[in-house]
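Hints given; two lone chains; assemble the complex.
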Amino acid sequence: AQKITQTQPGMFVQEKEAVTLDCTYDTSDQSYGLFWYKQPSSGEMIFLIYQGSYDEQNATEGRYSLNFQKARKSANLVISASQLGDSAMYFCAMKEPRTDKLIFGTGTRLQVFP
Amino acid sequence: DGGITQSPKYLFRKEGQNVTLSCEQNLNHDAMYWYRQDPGQGLRLIYYSQIVNDFQKGDIAEGYSVSREKKESFPLTVTSAQKNPTAFYLCASSIAGQAYLFEAFFGQGTRLTVV
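Taken in order, these protein sequences are the chains called A and B.
Here the first sequence is numbered in this note's numbering, starting from 1 and rising by one per residue.
Here the second sequence is numbered in this note's numbering, starting from 1001 and rising by one per residue.
Accuracy of the hints is not assured; some may be wrong.
Label-pair ranges, simulated between beta-carbon atoms [claimed, not checked]:
id	chain 1	residue 1	chain 2	residue 2	range
1	A	Asp29	B	Thr1077	27 to 35 Å
2	A	Gln83	B	Ala1081	24 to 32 Å
3	B	Ala1081	A	Asn58	28 to 36 Å
4	A	Gly43	B	Lys1014	19 to 27 Å
5	B	Lys1014	A	Ser41	35 to 43 Å
These are computed hints drawn from the structure, not numbers from a lab.
Glycine residues also receive a C-beta, built at the ideal position from the N, C-alpha and C atoms.
The following block holds chain B by itself, in its conformation from the complex (with noise of 0.2 Å):
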């Protein structure tokens, strides 16, 4: 089945940790997306990418980095120079392009908590 699968669905970092969100699509889109939600709060966009090797910066991404060496792959590394991370990540990709025609699919999303 066609989806977009992130890893772990909990994560749990110690202070001063980088820890990497992994986010796996096999639905051939060329364009994805990385959001952070706080608890009853919207989605703000931290990276996106619209295709292999570049991205771009969204509204939040102080913090963060992302690489995108393959089409099916967006990683996300919280650093620890993101002062609050615990949050509510979630990973989303899109047909490119014409994207503006298409509705992007999510992940189920990663529970990250700094401990």
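Isolated chain A (complex conformation) (with noise of 0.2 Å):
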């Protein structure tokens, strides 16, 4: 069965520093896709970043990039140059193809302070 884990309930970073968040999966699936995701207070749920199994490379989308170590199950989120306003819940999410499940992990609280 899918499962996600993040390990870190919260973070704290400076702000302009660059913080990891970590994530891990476990699936018997060779095709997957994993998500990043961020949730301000407001609620709302916000895409960040998407990585497929079969990609080779890692992903990046402007700050935010994610260390893909398949062999290990992980797929950590880096973000880079950290702003007051990355201060959120983040999760990170795994899709099956087969059903189209759509799994989260319990999310790690970043607060970046100045």
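Right, dumping it as structure tokens:
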């Protein structure tokens, strides 16, 4: 069965520094998609970045990059040059191709301080 | 503009009553999802649907029911059998088929409170 694990309930980072949010996953499928979402206090879910299981390059989107290590089943999110507006909950998610089932980890609350 | 609309934004329910949360999308997506989020917690999957007239239970389906009569709509009913329904409910949709390639889009959520 699919499983997503985020072991960091909370993280602190100083403005302008980089931070890594951890995500490990478990699946028996060879094809799958990994996603990161940001949830500010307003509750909306904002898509950040995607990594496909067959992608050989790590995904990047602006200040976000995904450190994908397939053999270790990890998909860590790296945020460079943190900003105060990055303070939010961050969720890692995985989708199976056969069922379209989309599951989430428990999230990491990131707080950026000046 | 394309998107997902959840209504209402806030909902109050008396104990023992059923209540239905609305979710409508105009993105032409086949797959739709319902999640429950408790304060400070992650998203737990209630039900999902890959196609009209078909849906699957997620991890916490007990006390909930859904229907998928139209591609655009995926309403969630919180029944009186749900023992602790107070939570934030999120609806999402996505392209199906090769869906693992595509992100899901979310509505703004419905905050349900049992009084």
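A quick look at each hint next to the structure:
1. A:Asp29 with B:Thr1077: 27 to 35 Å: 31 Å, holds
2. A:Gln83 with B:Ala1081: 24 to 32 Å: Taking Cβ atoms as reference, Gln83 (chain A) and Ala1081 (chain B) lie about 45 Å apart, which means the hint is violated.
3. B:Ala1081 with A:Asn58: 28 to 36 Å: The hinted range 28 to 36 Å is violated for Ala1081 (chain B) and Asn58 (chain A), with Cβ atoms some 45 Å apart.
4. A:Gly43 with B:Lys1014: 19 to 27 Å: 24 Å, holds
5. B:Lys1014 with A:Ser41: 35 to 43 Å: The hint (35 to 43 Å, Cβ to Cβ) is violated, given that Lys1014 (chain B) and Ser41 (chain A) are roughly 28 Å apart.
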